[in-house]
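Participant: Take a look at the letters that make up each chain.
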Amino acid sequence: MSKLLPGSPADSQRYAALLAEAQGIRGISLWLDAWRRLRRNWAAMASLGFLILLALASFFVPLLPLQSPEEQHLVTRQFEPPNTRPHKLGLAALVSDNKAYQSRVEAAWSNITLLDRGMIRARVALFGDWCIPSLCGTDELGRDLLARILWGSRVSIMVGVVATLVSLLIGVSYGATAGYLGGWVDDAMMRLVDILYSIPFIFVVIYLITILDEPTTIKPWLLKYGINKIVIFYIVIGAIYWLTMARVVRGQVISLKNDQFVEAARAIGASQGRIIFRHLVPNLMSVVIVYLTLTIPSVMLFEAFLSFLGLGVDPPGVSWGILASNGIQAINPVRIFWWLVLFPGLALAMTLFALNFLGDGLRDALDPRLKNK
Amino acid sequence: MISFLVRRTAWMVVTLWIVFTASFLLMRAVPGGPFSQERKVDRDVRRNLEKRYKLDQPLYRQYWTNLVDTVRYRDLGPSMKLKDYTVNEIIAQGFPVSASLGILALSLALAVGLTSGTVAALRRQRLLDVTVMGIATVGIAVPNFWLAGVSIVLFVFVWPLLPAAGWGSPAQLVLPVVCLAAPYAAYIARLTRTGMLDVLSQDYIRTAQAKGLAPHRIVIHHALRGAVLPVVSFLGPAVAAILTGSLVIEQIFFLPGLGRAFISAALQRDYPVAMGLVLIYTIILYVMNMVVDISYRVLDPRVKLS
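Sequence lines, in order, name chains A and B. Under the numbering used here, the first residue of the first sequence carries the number 18, and numbering increases by one thereafter. Under the numbering used here, the first residue of the second sequence carries the number 16, and numbering increases by one thereafter.
Chain A extracted, bound-state conformation:
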């Protein structure tokens, strides 16, 4: 070390002092800084809290003391307005008799995974037969709306998140490749995106879903490979929402590629991998995350839209789109079942609202021009 430094021992002492001082300063990372700024934005923080709660609730929904989302009470409880009348599940007494217990569980919740069964068992142990009353009313088949909304959140959130991740995967790799390679490859790839942009994709998707849903041959064939309606949603929606992502990422990569800090990193001898992962990716991440929080709501809206048109998940599966559309269909001049319209719409609107707010907040927080402010 001392060989590199010119001059006397006094000089090298000075350099050592400078080095010690520099090491004393702690750099603040982009994420820490962004988090600090996000924390000051109460609207975004409230949205974040709401979304975390929602995610937890939808994952642990079998553990909550809810009524069955599928059990029908055609005669006794049809179109009940919101009330606080207690309701019993009728499971606790059956715990000792395994067969009766299993068939009761099958009747109340069809198509559930092993994990969900475990959670239902735990719920019976915790709460017994007690259920939250129908605080949101019941629907045309006497099913509890609150339970349906919470179970439906699983499908809606899953479609929103997974389809967005699919679009992210395609969009980021496509955009980054085009931006990094440049030249005629970039031109050709972006021209394709331009063409795809002017295709009315919603119509193509509807067309595609009706074809893949063809009941005699295609649907059974797809089901054989485990591809049901939800998986088709993931793929098809993901495959159309990547266009904007690709454009954004490409633009970012091109502007970063020639940026001074990348050149500086190259000048001090950083390896290619270090430049990409240490310098380029974090700068891409902020754009990607912001875009992610803004894409999820539009995908969820699209799922609701497809469900409304009768192309949604197959019953007895349930999603917010299906609930909202059932509510709209139950509108009639004689009696107004306002709770069927209000609550599913409220759940959907609040989630979209929170995601939009969080996206706006993240965009402000991750803006590099505001660093350390």
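Some clues are possibly wrong.
What the hints assert, rightly or not - Looking from chain A toward chain B, a few residues come up when the C-beta cut is under 7 Å (computed):
1) Trp59
2) Val222
3) Ile223
4) Pro350
5) Phe370
6) Asn373
Stated by the list, open to error - Computed, partial: chain A to chain B, Cβ under 10 Å:
7) Val210
8) Leu213
9) Pro217
10) Phe218
11) Tyr224
12) Ile235
13) Ala321
14) Phe325
15) Leu328
16) Asp331
17) Pro333
18) Trp355
19) Pro361
For the record, the hints were derived by calculation from the structure and aren't laboratory data. All figures in this text were calculated on a predicted structure; none of them were measured in a lab. Idealized CB from N, CA, C, for every residue including glycine.
Got chain A sorted already, so can you dock chain B onto it with the hints?
Facilitator: Relative to the frame of chain A, chain B by itself:
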């Protein structure tokens, strides 16, 4: 300008050809066809049917005749489910309905969005601004079919002001147009407010103020022109979204438009109708994007068409 139009039209033809080919292949990949699956048809009947829908020819011949019919005679062929209807007739019936709905909704969204956005920008941080922007944020998050349901409950049943559904009188148009326009009005209001705030802090506005122009003249003649640029670039996606939204709105309010025709065609697997409508929608979208690009050029002389 001319070369821009020519190039864009050429790309439109390429796009349409891709859409046509893809939907044709998909359509033929599906079993079934014009015959209902529950009923066994007589062999002769079947042969005649296949002849009518040109299914007796090899695939490449079908593709070729179909393409030629579509391009040269603008004939999209017969519908598979609505007997005695051709796809062209279905489009001719639905188009005026959807077009008037879409144009009215877009105009309403522009009128409401531009005015409220401008007013909010001028009253920045005041009560009016916060109220308008609050409503706009809610408007973006609410799905329009839900808005339609709620407004039917409110304005048809609870407070009987308007008819619930149907087509023909101006009163029947009010609810569909408002419900279709609401989310885009909200979005346009937000864009206008941001654009206006950007423009109002620029030097040329200060110059205009310094020479003593009246405030309304500054806003309308000088600021608005710059402030609408983001709105204009949003118009392309907005048209696409209004086409989509009209699918739902036509369904809820029982309007006999293209969207309803498309949904029933899709649900009944009437592939020629669905394909024809996809082609029509592609053309509408392409033309609208072209118009948006040109108007951008007119509004902002710095932009060059390429």
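Participant: Give a verdict on every hint.
Facilitator: Verification of the supplied hints:
1. Trp59: At about 15 Å, which exceeds the 7 Å cut-off, the nearest Cβ of chain B leaves the hint on A:Trp59 violated.
2. Val222: Since chain B brings no Cβ nearer than about 10 Å to A:Val222, farther than 7 Å, the hint is violated.
3. Ile223: Holds, about 5 Å.
4. Pro350: 6 Å, holds
5. Phe370: With a closest approach of 4 Å, the A:Phe370 hint holds.
6. Asn373: For A:Asn373, the interface hint holds, since the closest Cβ of chain B sits about 6 Å away, which is under 7 Å.
7. Val210: For A:Val210, the interface hint is violated, since the closest Cβ of chain B sits about 12 Å away, which is over 10 Å.
8. Leu213: The hint holds - A:Leu213 has a Cβ within 10 Å of chain B, the shortest such distance being about 9 Å.
9. Pro217: The hint holds - A:Pro217 has a Cβ within 10 Å of chain B, the shortest such distance being about 4 Å.
10. Phe218: 9 Å, holds
11. Tyr224: Result: holds, 5 Å to nearest chain B Cβ.
12. Ile235: Check passed: Cβ of A:Ile235 comes within 7 Å of chain B, closer than 10 Å.
13. Ala321: 5 Å, holds
14. Phe325: Result: holds, 5 Å to nearest chain B Cβ.
15. Leu328: Since the shortest Cβ distance to chain B is 8 Å, the answer is holds.
16. Asp331: At 14 Å from the nearest chain B Cβ, A:Asp331 fails the 10 Å test, so the hint is violated.
17. Pro333: Since the shortest Cβ distance to chain B is 20 Å, the answer is violated.
18. Trp355: 7 Å, holds
19. Pro361: With a closest approach of 8 Å, the A:Pro361 hint holds.
The structure shown violates the earlier hints numbered 1, 2, 7, 16 and 17.
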